[in-house]
Amino acid sequence: MPLQIRTDESIAAETRDTLNHWLRDFNRTANPVWWAASDEALQPRPLFTTAHDENDRLLGGLIGNSVMKWLRIDIMAVSESARRRGVGRRLLQAAEDEAVRRGCVYAFVDTMSYQAPEFYQRCAYQISGSIPDWDSHDHTKFFLTKSLVVV
Numbered sequence: 002m003p004l005q006i007r008t009d010e011s012i013a014a015e016t017r018d019t020l021n022h023w024l025r026d027f028n029r030t031a032n033p034v035w036w037a038a039s040d041e042a043l044q045p046r047p048l049f050t051t052a053h054d055e056n057d058r059l060l061g062g063l064i065g066n067s068v069m070k071w072l073r074i075d076i077m078a079v080s081e082s083a084r085r086r087g088v089g090r091r092l093l094q095a096a097e098d099e100a101v102r103r104g105c106v107y108a109f110v111d112t113m114s115y116q117a118p119e120f121y122q123r124c125a126y127q128i129s130g131s132i133p134d135w136d137s138h139d140h141t142k143f144f145l146t147k148s149l150v151v152v
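Each residue of the sequence shown is one higher than the last, beginning at 2 in this note's numbering.
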């Protein structure tokens with residue numbers, strides 16, 4: 002029987018579920034100790050940090066989650082009027098502090114070259130990888146990590 006390869010823009014839910022099941026079964030067999038210990042720990046816990054002025058107007062916010070030993074930062078934004086006043090640094094520190102309380106040891110964020118790689122580096126994040134021309138317009142995507150706990 003000849004092999005047929007298909008490439009499509011969509012996939013049936015049943016096919017997606019089957020592929021996920023095969024991968025999970027393989028991973029559980031390859032690393033059973035980790036999987037047994039991690040089933041509950043794999044559920045991300047949302048983390049939201051916001052900054053407000055004296056009139057309770059939103060100045061900025063951070064959206065992320067903690068999972069196992071990691072804080073993942075998905076979105077961080079500060080209103081234009083509040084930038085360069087330490088709001089971002091304080092939001093980031095508050096999120097990191099909460100992540101440590103939750104048992105996180107590391108933090109992770111990705112950002113584009115035109116966004117905030119320098120900001121995160123000033124906050125002790127290290128570039129752990131990058132993808133040049135990520136958006137096909139010559140912008141690099143940076144992946145940054147930070148150790149939250151000094152060992």
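Please note that a few of the clues may not be correct.
Cut-off 20 Å, straight-line C-alpha distance, at most; resulting in silico cross-link-like pairs (EDC-like, lysine to aspartate or glutamate) [to be verified]:
1) Lys147 to Glu81
2) Lys147 to Asp75
3) Lys142 to Asp111
4) Lys142 to Asp98
5) Lys70 to Asp18
6) Lys70 to Glu119
7) Lys147 to Asp111
8) Lys70 to Asp26
9) Lys70 to Glu99
10) Lys142 to Glu99
11) Lys70 to Glu55
Just so you know, the hints here were simulated from the structure itself, not pulled from any lab data.
Hint check results:
With a C-alpha separation of about 26 Å, the suggested pair Lys147 and Glu81 falls outside the 20 Å cut-off, and the hint is violated. The straight-line distance between the Cα atoms of Lys147 and Asp75 is roughly 15 Å, inside the 20 Å bound, and the hint therefore holds. Distance check on the hinted pair: Lys142 and Asp111 sit about 7 Å apart at the alpha-carbon level, within 20 Å; holds. Straight-line distance between C-alpha atoms of Lys142 and Asp98 comes to about 26 Å, which puts the hinted pair past the 20 Å bound.
For the proposed pair Lys70 and Asp18, the alpha carbon gap of about 27 Å is over 20 Å, so the pair is violated. A threshold of 20 Å between alpha carbons decides the hint, and for Lys70 with Glu119 the separation of about 24 Å lies outside it, so the pair is violated. With a C-alpha separation of about 12 Å, the suggested pairing of Lys147 with Asp111 holds against the 20 Å cut-off. At most 20 Å may separate the alpha-carbon atoms for a hinted pair to count; Lys70 and Asp26 exceed this at roughly 23 Å.
Pair hint Lys70 plus Glu99 holds up; C-alpha atoms about 12 Å apart against a cutoff of 20 Å. Between Lys142 and Glu99 the CA atoms are separated by roughly 26 Å; this puts the pair beyond 20 Å, and the hint is violated. Of the supplied pair hints, the one linking Lys70 and Glu55 is violated, its CA atoms being roughly 34 Å apart against a limit of 20 Å.
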